Amino acid sequence: MVALVLALAFVVLVLGVLVAGLLRSHADILRALHDLGAGVGDPMGEAPHRHGQQAGETPVALTLGPPLPSERDATSAAALTGVTPGGDAIAVDVLGERLTLLAFLSSGCATCAGFWESFSHPGSLDLPEGVRLVAVTKGPEFEIPAEVGARAHRSLTVVMSTEAWSDYEVPGSPFFVLVDGRTGRRVGEGVANQFSQVAELVRRAQGDVRPFDVGSRSRAFAEGLDGPARERANDDALLAAGIQPGHPSLYPASLADVFAADAPPGGEGAVRRVP
Amino acid sequence: MATLSAHGISAGLPNGFEGRIFVRPEVGGEVSYPVAHFASFPLPATVGDFGSGAVTMMGPSDVFAVLFQYGPESVGTALFARQGMPLSLSQADFSPILLRRGLTGQSGTQWFFTEAGRPFTFYAVLGSHARRSVLVPKVNALLAGISVSPPTPSTAGGTAPWN
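Top to bottom, those sequences are chains Z and L. Using my numbering, you'd call the opening residue of the first sequence number 1 and step up by one each time. Using my numbering, you'd call the opening residue of the second sequence number 1001 and step up by one each time.
One chain only, chain Z, in its complex shape (with noise of 0.2 Å):
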């Protein structure tokens, strides 16, 4: 018995010198990968610690690629920036009060060929009312301008420019991306064999657009305001009306306290036998 529980503990004893190993070798590796720039956890904590590293020596940052500009994320939206088939130049904004829908196309692909075709008839696109479309190809120096020019009917806004499909991360034509103008974020992107499918896809977009399309927001746009002076004239407009922080009004239980703050004097009653 005795011995059995003396090469139980030499067991244990072994394996936990074995643990033990194991850990060291994990903590040199982390170390390792700390001082190459690419380690787990801060490895700035354990910069005076490096060790290998001589004096003098610049430790060199691992990066993937072109860093963004801080503006910028992955629905982002630029105003698109270039040229005309004609030659002139043409700035495009996709901002304001209104959907964007760019068509990232080109003269030679056979697909694109059916949405040039399309193009050429704007009354028949089907694109719900407000939304803009524009043309977008890459520029003189990718596409052919005559070629583009010839393909694109004379109402249709056309930019060719390499950056905007840069911008927009555009994978190959025919591409399409829809802009929200008034975040001015991309809310759709994708490809599609015929311009019906897109248009569907839009009056989609649209319908979970408008859910936030709320009045005082349109009303606060018209009057200029947004931000910290809309919060500010609604300030205003509240104290004036003698509502200050914590007045029972801002604090409803139900419907009917919303709308006693509309009812006349002592209308309580009328608001309530409305049907």
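No lab work stands behind these hints: they were computed from the structure. It is possible that some hints are incorrect.
Stated by the list, open to error - If you want a taste of the chain L side facing chain Z, the calculated C-beta under 10 Å gives, among others:
id : residue
1  : Met1001
2  : Thr1003
3  : Leu1004
4  : Asn1015
5  : Gly1016
6  : Ile1021
7  : Pro1025
8  : Ser1040
9  : Pro1042
10 : Gly1059
11 : Leu1079
Stated by the list, open to error - Restraint ranges, calculated between C-beta atoms of paired labels, are given here:
id : chain 1 : residue 1 : chain 2 : residue 2 : range
12 : L       : Gln1083   : Z       : His121    : 45 to 51 Å
13 : L       : Gln1110   : Z       : Asp126    : 39 to 45 Å
14 : Z       : Pro245    : L       : Gln1083   : 57 to 63 Å
In this text the structure is predicted, and so the values were computed from the model without any measurement. Glycine is no exception: its CB is placed at the ideal position from the N, C-alpha and C atoms.
Knowing the structure of chain Z, use the given hints to seat chain L on it.
Relative to the frame of chain Z, chain L by itself:
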């Protein structure tokens, strides 16, 4: 900020503006000169030199502006005696009776001048004269970003080469 540059005209567009700088194809014996359109709303693909086809689409918060070059024979004439583009306009410079096309609620202003040896007119339209206190600063922000180079063969008429 988007920057447009063509035909010796450069414009750094304020946020919310778009624009186009072009020379119309010459028809018959006419000679075309550069025209620049700027707008705070979506510009249609085809717009008249002074905004026909665009001003009817303006909302009360919108601004439309044109920089239109005339032929070199205009340099030195009384109409273009003013040297330099106006840099800052006041609310009093805008009037409903200065519109090329009188549309209810809108107002406009027009200036003739010579800039860098080239004769121009600058014409601006406000979507709402009642809101000129808000809209005139937009026009001034636009003006602040426009610059004109001295005349070259590409700006002296005819179809210009690529930018």
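Tested hints:
1. Met1001: Result: holds, 8 Å to nearest chain Z Cβ.
2. Thr1003: holds (7 Å)
3. Leu1004: Because about 5 Å separates Leu1004/L from the closest Cβ in chain Z, which is inside the 10 Å limit, the hint holds.
4. Asn1015: holds (7 Å)
5. Gly1016: The hint holds - Gly1016/L has a Cβ within 10 Å of chain Z, the shortest such distance being about 6 Å.
6. Ile1021: holds (4 Å)
7. Pro1025: holds (8 Å)
8. Ser1040: Result: holds, 8 Å to nearest chain Z Cβ.
9. Pro1042: holds (5 Å)
10. Gly1059: holds (8 Å)
11. Leu1079: violated (27 Å)
12. Gln1083/L - His121/Z: 45 to 51 Å: holds (50 Å)
13. Gln1110/L - Asp126/Z: 39 to 45 Å: holds (41 Å)
14. Pro245/Z - Gln1083/L: 57 to 63 Å: Holds, at about 58 Å.
Of the numbered hints listed earlier, the single one contradicted by the structure is hint 11.
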